[in-house]
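Number of protein chains: 2
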Amino acid sequence: MKYRKIPEETVRRLPMYLRAFSLLRTEDIQTISSRQLAERLGLNSPQIRKDLSYFGAFGTRGVGYPVESSARRIREILKLNTPQKAALVGAGRLGTALVAYPGFSLFGLEIAAVFDNNPKKVGRKIGPVKIEDARRISTLRKRTIRLAILAVPADAAQSAAKTLAGAGVKGILNLTPCHLQGNRRVKVIDVDLASQLGILPYYM
Amino acid sequence: MKYRKIPEETVRRLPMYLRAFSLLRTEDIQTISSRQLAERLGLNSPQIRKDLSYFGAFGTRGVGYPVESSARRIREILKLNTPQKAALVGAGRLGTALVAYPGFSLFGLEIAAVFDNNPKKVGRKIGPVKIEDARRISTLRKRTIRLAILAVPADAAQSAAKTLAGAGVKGILNLTPCHLQGNRRVKVIDVDLASQLGILPYYM
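Read top to bottom, the protein sequences are chains B and U. If you want our numbering, it's the 1-based position in the first sequence plus 138. If you want our numbering, it's the 1-based position in the second sequence plus 138.
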């Protein structure tokens with residue numbers, strides 16, 4: 139099913155909604171109003187109604203959103219209804235921490251490959267995954283791994299991103315502070331933790 | 139110096155500009171045009187001009203932005219012109235990785251305290267910082283630590299945030315997937331890594 143173009147801000151909120159609907163299901167709640175959902179998520183309810191309206195008639199006026207089918211619907215929209223494998227590039231502290239991160243499983247995401255260019259690390263295991271030589275990134279295409287988490291030192295970011303694009307990767311979660319020079323076929327989401335912490339003093 | 143109210147989206151981009159100006163300084167570049175800056179950062183130049191115009195006459199038409207004073211100015215605006223200490227709550231893998239993260243130093247940010255409620259972890263050191271019992275979070279007020287990184291398990295997030303607010307913390311970088319129930323005196327920035335990875339398949 140094709141949807142009309144959805145603003146990036148809406149797409150960014152969909153995982154929050156999915157998480158909320160998934161949690162509601164475990165609480166045996168069958169329907170929820172946009173107002174209740176707004177309270178849980180700290181958003182306003184018109185925003186939620188607008189976001190979810192992009193996908194057609196999600197809820198019923200006066201009844202609310204059906205929890206189970208809404209969760210299913212968002213999974214479909216985000217293409218998370220089938221498990222997605224991701225590769226981690228850079229087995230430093232941050233990358234290694236992420237392999238064990240339990241939060242990915244809710245979304246059906248699994249870190250299925252880890253690469254590093256340090257020969258001392260290659261062959262070691264992080265949890266169940268063996269660290270491979272970074273030269274093997276090119277094998278991602280035939281392993282149908284289309285997502286990557288980039289957690290290399292800043293000066294290696296650009297070339298690693300290029301290698302990933304060449305290996306057919308379509309989406310990169312960029313944890314380095316570098317802006318990755320454009321490749322229109324690859325969607326990049328930047329998460330610069332230092333910058334995020336760095337804006338907090340402004341609000342103090 | 140007081141500035142007029144700046145949109146959150148602009149504030150969020152300021153650390154990027156600060157990083158770029160800092161890097162330019164190491165490259166011995168004295169001025170840069172908004173167009174050149176836009177290229178480096180993957181933004182558009184009207185956006186950059188608009189963002190920086192909030193702080194008065196930053197640049198000179200036809201000449202560009204002076205690198206050194208622009209960096210200094212943004213540091214002032216973000217209150218990063220004096221070093222800022224942060225506390226880490228939750229010495230799990232992700233938290234531990236962050237203590238050693240080199241990216242914070244550019245912004246004058248330092249993780250100066252680490253808390254955990256696991257007695258086996260208390261007293262151990264992460265780099266130069268000793269892990270303290272979470273009951274000691276209340277000491278943050280007299281240690282003048284006003285920033286915190288929250289990296290506890292999801293079910294402990296809300297109560298930890300409440301304790302931090304009670305200890306005088308004014309800004310929290312929330313790495314848990316939980317929405318923290320409101321406290322108007324505390325600014326919270328959410329960074330949910332699983333959600334960020336979870337939106338990438340949508341774009342594939």
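Warning: the hint list may mix true and false statements.
For identical chains, the list gives no copy identity; a pair is met inside one copy or between any two copies.
Computed cross-link-like contacts, DSBU-like style, restricted to lysine-lysine with a CA-CA straight-line distance of at most 30 Å [stated by the list, open to error]:
| # | residue 1 | residue 2 |
| --- | --- | --- |
| 1 | Lys188 | Lys143 |
| 2 | Lys325 | Lys188 |
| 3 | Lys188 | Lys258 |
| 4 | Lys258 | Lys268 |
| 5 | Lys280 | Lys308 |
| 6 | Lys188 | Lys263 |
| 7 | Lys143 | Lys223 |
| 8 | Lys258 | Lys217 |
| 9 | Lys143 | Lys263 |
| 10 | Lys188 | Lys268 |
| 11 | Lys188 | Lys280 |
| 12 | Lys217 | Lys259 |
| 13 | Lys143 | Lys268 |
| 14 | Lys143 | Lys258 |
| 15 | Lys325 | Lys280 |
Simulated from the structure, these hints should not be mistaken for lab results.
Hint check results:
With identical chains, the CA atoms of Lys188 and Lys143 are at most 30 Å apart both within one copy (14 Å) and between copies (27 Å). For the identical chains of this complex, Lys325 and Lys188 are neighbours both inside a copy (24 Å) and across copies (26 Å), given an alpha-carbon limit of 30 Å. For the homomeric pair Lys188 and Lys258, neither the shortest alpha-carbon distance inside one copy (51 Å) nor that between copies (48 Å) is at most 30 Å. In this assembly of identical chains, Lys258 and Lys268 lie within 30 Å of each other by CA distance both inside one copy and across copies; the values are 13 Å within and 29 Å between.
For the identical chains of this complex, Lys280 and Lys308 are intra-copy neighbours only, at 14 Å inside a copy versus 49 Å across copies, given an alpha-carbon limit of 30 Å. For the identical chains of this complex, Lys188 and Lys263 are neighbours neither inside a copy (45 Å) nor across copies (48 Å), given an alpha-carbon limit of 30 Å. In this assembly of identical chains, Lys143 and Lys223 lie within 30 Å of each other by CA distance solely inside one copy; the values are 25 Å within and 43 Å between copies. Proximity of Lys258 to Lys217 under the C-alpha cut-off of 30 Å is found in neither arrangement, the shortest distances being 37 Å within a copy and 41 Å between copies.
Taking identical chains as interchangeable, the C-alpha atoms of Lys143 and Lys263 are never at most 30 Å apart, the minima being 41 Å within one chain and 50 Å between chains. Taking CA atoms no more than 30 Å apart as the test, Lys188 paired with Lys268 passes in neither setting, with 44 Å inside one copy and 47 Å between copies. Proximity of Lys188 and Lys280 under a CA criterion of 30 Å is satisfied in neither setting, with 39 Å inside one chain copy and 45 Å between copies. With identical chains, the CA atoms of Lys217 and Lys259 are never at most 30 Å apart, being 33 Å at best within one copy and 39 Å at best between copies.
When the C-alpha separation of Lys143 and Lys268 is checked against a cutoff of 30 Å, the pair qualifies neither within a copy, at 39 Å, nor between copies, at 50 Å. For the identical chains of this complex, Lys143 and Lys258 are neighbours neither inside a copy (46 Å) nor across copies (51 Å), given an alpha-carbon limit of 30 Å. For a Cα distance limit of 30 Å, the shortest separation of Lys325 from Lys280 inside one copy, 20 Å, qualifies, whereas the shortest one across copies, 45 Å, does not.
Comparing the model with each numbered hint stated earlier shows that hints 3, 6, 8, 9, 10, 11, 12, 13, 14 do not hold.
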